[in-house]
Amino acid sequence: MNAHALPLPHDHGHDAGHGHADGHGHGDGHGHHGHVVLQYQPGLPLSKGKLIMWLFLSTEIMFFAALLGSYVVLRFGAAVWPKPHHVHLSEPIGAMNTFVLICSSVTVVLAFEAARANKGAAAKMWLAITLLLGSVFLGVKAYEYQAKFSHGIYPWKPRGRIYERPDLYYGSAVRARLGEPAIIDELKRIDEAAPGSLPPDQEAAKPKLQLVRKLVASPEQQPFDLAVVADQIMPLPAEGAAHGGGHGPHGLNDVFPWLKLPIVIPGGNMWASTYFLMTGFHAIHVAVGLLVFAILLGYRIGPKNAGLIENAGLYWHFVDLVWIFLFPLLYLF
Amino acid sequence: MSDHGHSSDPGAHGPVTRAGESADDALGHPPTGHAAGHDGHDEHGHGGIFKYLLVFAALCFLTGMSFFTYSSAWPWRNEPQVGWAFMMAVSCTKAMLVVLFFMHVFWEANWKYVLTIPAAMMAVFLTLMLVPDVGMRNRMVSQERALHMARTSDVKLLERAAEAAADAAH
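If you're matching them up, the sequences are chains Z and W in order.
Every letter in the first sequence is one number past the one before it in the numbering used here, and letter 157, counting from 1, is 157.
Every letter in the second sequence is one number past the one before it in the numbering used here, and letter 85, counting from 1, is 1085.
Keep in mind the hints are simulated off the structure, nothing from the lab.
Beta carbons: idealized from backbone N, C-alpha and C, even for Gly.
Misleading hints may appear alongside valid ones.
The calculated SDA-like cross-link candidates involving lysine to any residue, where the alpha carbons are at most 20 Å apart (straight line), are [to be verified]:
#, chain 1, residue 1, chain 2, residue 2
1, Z, LYS48, W, ASN1138
2, Z, LYS48, W, TRP1076
3, Z, LYS119, Z, LEU308
4, Z, LYS214, Z, PHE256
5, W, LYS1156, Z, VAL80
6, Z, LYS83, W, VAL1105
7, Z, LYS157, W, ARG1145
8, Z, LYS206, Z, GLU186
9, Z, LYS83, W, VAL1082
10, Z, LYS48, W, GLY1048
11, Z, LYS124, W, VAL1114
Here are the in silico distance ranges between beta carbons for each label pair [to be verified]:
#, chain 1, residue 1, chain 2, residue 2, range
12, W, PRO1080, Z, PRO181, 42 to 48 Å
13, Z, ASP185, W, MET1065, 38 to 44 Å
14, Z, SER135, W, ALA1057, 22 to 28 Å
15, Z, PRO92, W, ALA1166, 55 to 61 Å
Required output: the full structure, derived from the provided sequences and hints.
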């Protein structure tokens, strides 16, 4: 029992068994003259709410470490991994989202400080700005997801429209898609369109479409022919092409959105799985944080519940922390 | 547990927390008063807004630094490992700033190590345990996987096709 007792500075070095926790000590813990005065501290020196939040964050550290760790191991163990611009990731958009999250972290601490200083209105204003910034982050993320989906990049089993290599399987998948009745009708419409009746980009892409149809139907296909097919459908910008700020040249899938032909992104399936898993879980965490802030906005805010804002802030900073690692790993590596 | 192991005058005997009582019971006591001695961070005056703004500026600068690796001015474009190491260093610095100052860990008592160090160690072990089976999965693969998996030669083939298309366009 004595092991739990903490001697205070005026301990005279004897009778340390008094003031202990088993009820046999000297009543109020002060003891008699010359006796040791011991104090008992049953837990960690922080509030229950904060302790629970930190315990939760410890599990979150391991949760996201598993996701990020798996990503790193998968990425560096892969024979080929797509470059960010191969999968239509825009680095400036990622950097902007990073900036938005950093700003929201600052507004949360400002809300906490305002609440401690009994400035309820200011605290609510900072919380509302945090809510707004978090919503901007999610909005940008939704836009990015939409861009991926529109290019046919999403995880699916065994694959979505992503093929790993421009091989015979890919060629037959393109041929099968071009042979679907709805696509045949559309192709007929394009073939029979009077010159000048199609939009300029579609008019310009018509020869590419003819080339793809010819190459996939050819009985003497060579691997390079299928690479040309893949390039016409969705080109992979060469290294450095994305530094011009664009997403590289447009492919047939962009010009004719109804075409939805299979695409080739070496390493793209694993990339899609890890990207959507990590950013999806992160986005869920952002959404939960926003919900908490929205609930907090309904409260009267002051020093008495500054602890609530601090705990919500701890969670929010953690969400920011995860993005700090996700951004370079996904957008810049 | 003691039912009388508390002092009638906690202030005179240093920090005392009774069972069932939060140290900085935020709902009951403003942190600036009773809680200041317990949580530790208030007495250091960490609430300086200037400090937060300084951290914010540092974070923005560091984000700019990692974005710099993407720009054409980055000198080590042909050695991606340099960029990776640089970005990880920048990310770790940013993470430290957020944890230490925004999450107030800098001012917290030593309990912070109890919660963060084991979790961080588990995170590292977890990743290392994936290396043999997942990281080295391509050292020996089935014929079926070898048939379908992407290779560097596929990327080169696609790049050649892109170059040919660009030449034809010109």
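Structure-based check of all given hints:
1. LYS48/Z with ASN1138/W: Violated - the C-alpha atoms of ASN1138/W and LYS48/Z are around 48 Å apart, more than 20 Å.
2. LYS48/Z with TRP1076/W: violated (49 Å)
3. LYS119/Z with LEU308/Z: holds (15 Å)
4. LYS214/Z with PHE256/Z: Holds. LYS214/Z to PHE256/Z sits at ~18 Å (cutoff 20 Å).
5. LYS1156/W with VAL80/Z: holds (11 Å)
6. LYS83/Z with VAL1105/W: The given pair, whose Cα atoms are some 36 Å apart, is violated under the 20 Å limit.
7. LYS157/Z with ARG1145/W: holds (15 Å)
8. LYS206/Z with GLU186/Z: holds (12 Å)
9. LYS83/Z with VAL1082/W: Measuring from Cα to Cα gives roughly 16 Å; hence the hint holds.
10. LYS48/Z with GLY1048/W: With a Cα-Cα distance of about 25 Å, the restraint between LYS48/Z and GLY1048/W is violated, given a limit of 20 Å.
11. LYS124/Z with VAL1114/W: violated (33 Å)
12. PRO1080/W with PRO181/Z: 42 to 48 Å: Given range 42 to 48 Å: holds, Cβ gap about 46 Å.
13. ASP185/Z with MET1065/W: 38 to 44 Å: violated (53 Å)
14. SER135/Z with ALA1057/W: 22 to 28 Å: holds (24 Å)
15. PRO92/Z with ALA1166/W: 55 to 61 Å: violated (24 Å)
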